[in-house]
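K.L.:
With the hints as constraints, model all of the structure from the sequences given.
Sequence order for the protein chains is A and B. Everything in the first sequence is counted per my numbering, starting at 1 for the first residue and increasing by one. Everything in the second sequence is counted per my numbering, starting at 1 for the first residue and increasing by one.
Among the hints, a few may not be true.
Said to hold, decoys possible - Some chain B residues judged to face chain A by a derived CB distance under 10 Å, without partners named:
1) 24
2) 28
3) 39
4) 66
To be clear, the hints were calculated from the coordinates, so they are not data collected in a lab. Backbone N, C-alpha and C fix where the C-beta goes; we use that ideal spot for every residue, glycine too.
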Amino acid sequence: MTATPHVQRLAERLIRFSCRRLPADQGAERCQEWSAELPAILHDETVRPRVMRSVRALSYSAGIAATTRRLSRTAGWSRRAPAPAWRDGAAQVQPNNLGLRATIGLASWLVIIFTSVSLLRAFPHPHGWTVVLILALAAAFVIYCLTDILRAPAVRYLPKWAWALICVVQIPGGGIIYLSVGRVGRSHSPLPPGSAQSP
Amino acid sequence: MKLTGPLERVLRVLTADLAARHYGYDLMKAAKLPSGTLYPMLARLEQEGLVEAEWEAQRADAGGRPPRKYYRLTAEGARVARLELAQAAADDRRAAASATRPAHGSTQ
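P.N.:
Rendered as structure tokens:
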């Protein structure tokens, strides 16, 4: 009846995935350490309602992904050597304006939802062609996001397949989240002056 | 060592009881920090020799719970942390004092 084991497995998987960025011996130990925290999070009685524990466990593993990225960057390891220069460049621009990007994404999502709800109220029985137009628009947006993910040299925070899934599952919210948070802007691609090339 | 807000919170928790051992989630809750901030910080502190980590011995009464890694300050870490926190507190006091002092010409 409870989703806890599934969430734990998913979170463990995310942690294991993140640990692949670290050198093998360290990755194994870190993976063990971080996975061992999951039961404490998922059975933390002080966190209510229960679903918040799952949310916490997943955001915990997202933080682990950020951690391994930062650790591997400061130590100069790359996951698959030799990494192309643009990948380093992309990884180095951890946006410090993440909050701003997320807010813009959320705002545009709210605007879209609000507009569609009010339109639906104003015209409760849309014509056939309107529906087709909206569906086409939605499909175009999803296809745009998917191709962007597919062609991007790197994406942030989550693996590409996870972003693709998010874009498809929540239309248009997922795509907006990807574009505002997960996308690595092309303008960031060049390496900042003086930064070390990967060995 | 530059004392940032999150680092200060972690050091406060760690210095509160030097003998206490903290595991990651425990520290996250006590210092109110996300994992993505806490663990890189711990790794850095460990590298600088200010924090030491040890694995919990597998206990029979743990109910199948995997062993945890516990963190605490080293002697050097405790010394540095106290110094930094005292410094920060002094800075705060000075800032507060200058903020509450009325500016020239503001009162008759």
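K.L.:
Against the structure shown, which of the earlier numbered hints fail to hold, in ascending order?
P.N.:
Hints that this structure does not satisfy do not exist here, as all of them hold.
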